[in-house]
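Those letters in the sequence shown? Residues 1 to 259, per the numbering used here, in order.
Misleading hints may appear alongside valid ones.
Claimed, not checked - List of simulated lysine to aspartate or glutamate pairs, EDC-like, C-alpha gap at most 20 Å:
no.	residue 1	residue 2
1	105	206
2	187	141
3	187	158
4	136	147
5	105	161
6	106	248
7	106	253
8	106	152
9	136	152
10	198	22
11	106	206
12	187	206
13	136	155
14	249	206
15	136	158
Stated by the list, open to error - Each pair of labels, with its calculated beta carbon distance range:
no.	residue 1	residue 2	range
16	180	126	46 to 54 Å
17	209	153	17 to 25 Å
18	248	196	22 to 30 Å
19	241	143	19 to 27 Å
20	143	197	29 to 37 Å
21	161	256	32 to 40 Å
22	23	209	24 to 32 Å
If you're looking for bench data, these hints aren't it; they were derived computationally from the structure.
What you are looking at is a predicted structure, and each value in this text was computed from that prediction instead of being measured.
Think of the CB as a built atom: it goes at the ideal place given N, C-alpha and C, for glycine as much as any other residue.
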Amino acid sequence: MNLRSLTAADVRRIERLLKRKEKLRARVTHIDNLLAGFDLRRLGPRVAKEPGMPTGPKEALANESRRAKPAGDAGPETRAVPATTRAEPQRANVWFRPHARARLKKIISGGQTGADLAGLDWALSQGVPHGGWCAKGRLSERGPIPDRYQLEETETADYQERTRMNILASDGTVVFSVSRFLIGGAKLTYDLALRLRKPVLHLHAESPRPELQLAAFVRKHGIQFLNVAGSRASQEPTVGSFVANTLDKTYQELKPGAH
């Protein structure tokens, strides 16, 4: 079909198809993240083999060796790279080999109340470096963000700008909520991470063993700079304790010799 021959009906149909594609991609990514928290090898032959899925660790490692190796790590100062340089999140492989460099080195966050501040407070309590971008004027729903949080201001007061920059400045994003359904800025963060083709994980209060899911997510993607985002305190007052508890347990899971 030539672009010049597109009718208004064609445009509406294309827009509907693109929206459906985005929703399906989000659902697949969410399911993959849930599966990544389990060792499906224990289920043996009861797990149906998907097309292209390796039959065991040896085959998975052989497949990995055939893939092109990524470019070398340019260091923390060049984390915020254009989205086009990152591959699209692929379907979870239950035989994946834990990344040798899977160790949290820094917490990134935007400084909003709720999940954001809980992530920063946890980093301060554990002596883990933190940082990130906040809206111009250090905006938050409770007023200016305190100076003890080492955040850089964006050029505008647009929350979406700092959300985008924090996603790009990190190796992956975890979005916390109490409810199973994301709304507002939390949903924007999740959807934007998908559009930017960056690893993202949604954890809610009913997630089974959230610390195991987050640890598996960190290992799978070799995450060192983790962007912590989620609901505001005004929307979900208990989200902060959920974030702190999950990060505590995840940190223990990621320690060498934990298992």
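Do the hints match the structure? See the list:
1. A hinted pair counts as satisfied when its Cα atoms are at most 20 Å apart, and residue 105 with residue 206 does not qualify at roughly 27 Å.
2. Proximity of residue 187 to residue 141 is assessed by CA-CA distance (about 17 Å); at most 20 Å being required, the pair is judged to hold.
3. For the given pair, residue 187 sits about 16 Å from residue 158 by alpha-carbon distance, which is consistent with the 20 Å threshold.
4. Distance hint between residue 136 and residue 147 is fulfilled; the C-alpha atoms sit about 13 Å from each other, no more than 20 Å.
5. Between residue 105 and residue 161, the direct Cα distance comes to roughly 24 Å. Violation of the 20 Å bound is thereby established for this hinted pair.
6. Taken as a hint, the residue 106 and residue 248 pair is honoured in the structure, with Cα atoms around 14 Å apart against an allowance of 20 Å.
7. Proximity of residue 106 to residue 253 is assessed by CA-CA distance (about 16 Å); at most 20 Å being required, the pair is judged to hold.
8. At most 20 Å may separate the alpha-carbon atoms for a hinted pair to count; residue 106 and residue 152 meet this at roughly 15 Å.
9. Restraint check for residue 136 and residue 152: satisfied, since their Cα atoms lie roughly 9 Å apart, inside the 20 Å limit.
10. For a cut-off of 20 Å, the pair hint linking residue 198 to residue 22 stands: about 14 Å separates their Cα positions.
11. Taken as a hint, the residue 106 and residue 206 pair is broken in the structure, with Cα atoms around 26 Å apart against an allowance of 20 Å.
12. This hinted pair checks out: residue 187 and residue 206 have alpha carbons roughly 17 Å apart, not beyond 20 Å.
13. With a CA separation close to 6 Å, the supplied pair residue 136 and residue 155 stays within the 20 Å bound.
14. With a C-alpha separation of about 16 Å, the suggested pair residue 249 and residue 206 falls inside the 20 Å cut-off, and the hint holds.
15. As the CA atoms of residue 136 and residue 158 are separated by approximately 8 Å, the hinted pair is consistent with the 20 Å bound.
16. Checking the proposed 46 to 54 Å range against residue 180 and residue 126 shows it is violated: the Cβ atoms sit about 28 Å from each other.
17. Here the CB-CB span from residue 209 to residue 153 is close to 37 Å, at odds with the stated 17 to 25 Å.
18. With their beta carbons about 28 Å apart, residue 248 and residue 196 fall inside the hinted range of 22 to 30 Å.
19. For the hinted restraint 19 to 27 Å between residue 241 and residue 143, the CB-CB distance of approximately 22 Å keeps it satisfied.
20. Checked against the hint of 29 to 37 Å, the pair residue 143 and residue 197 passes, with Cβ atoms roughly 35 Å apart.
21. At about 38 Å, the beta-carbon gap between residue 161 and residue 256 stays in the expected band of 32 to 40 Å.
22. At about 26 Å, the beta-carbon gap between residue 23 and residue 209 stays in the expected band of 24 to 32 Å.
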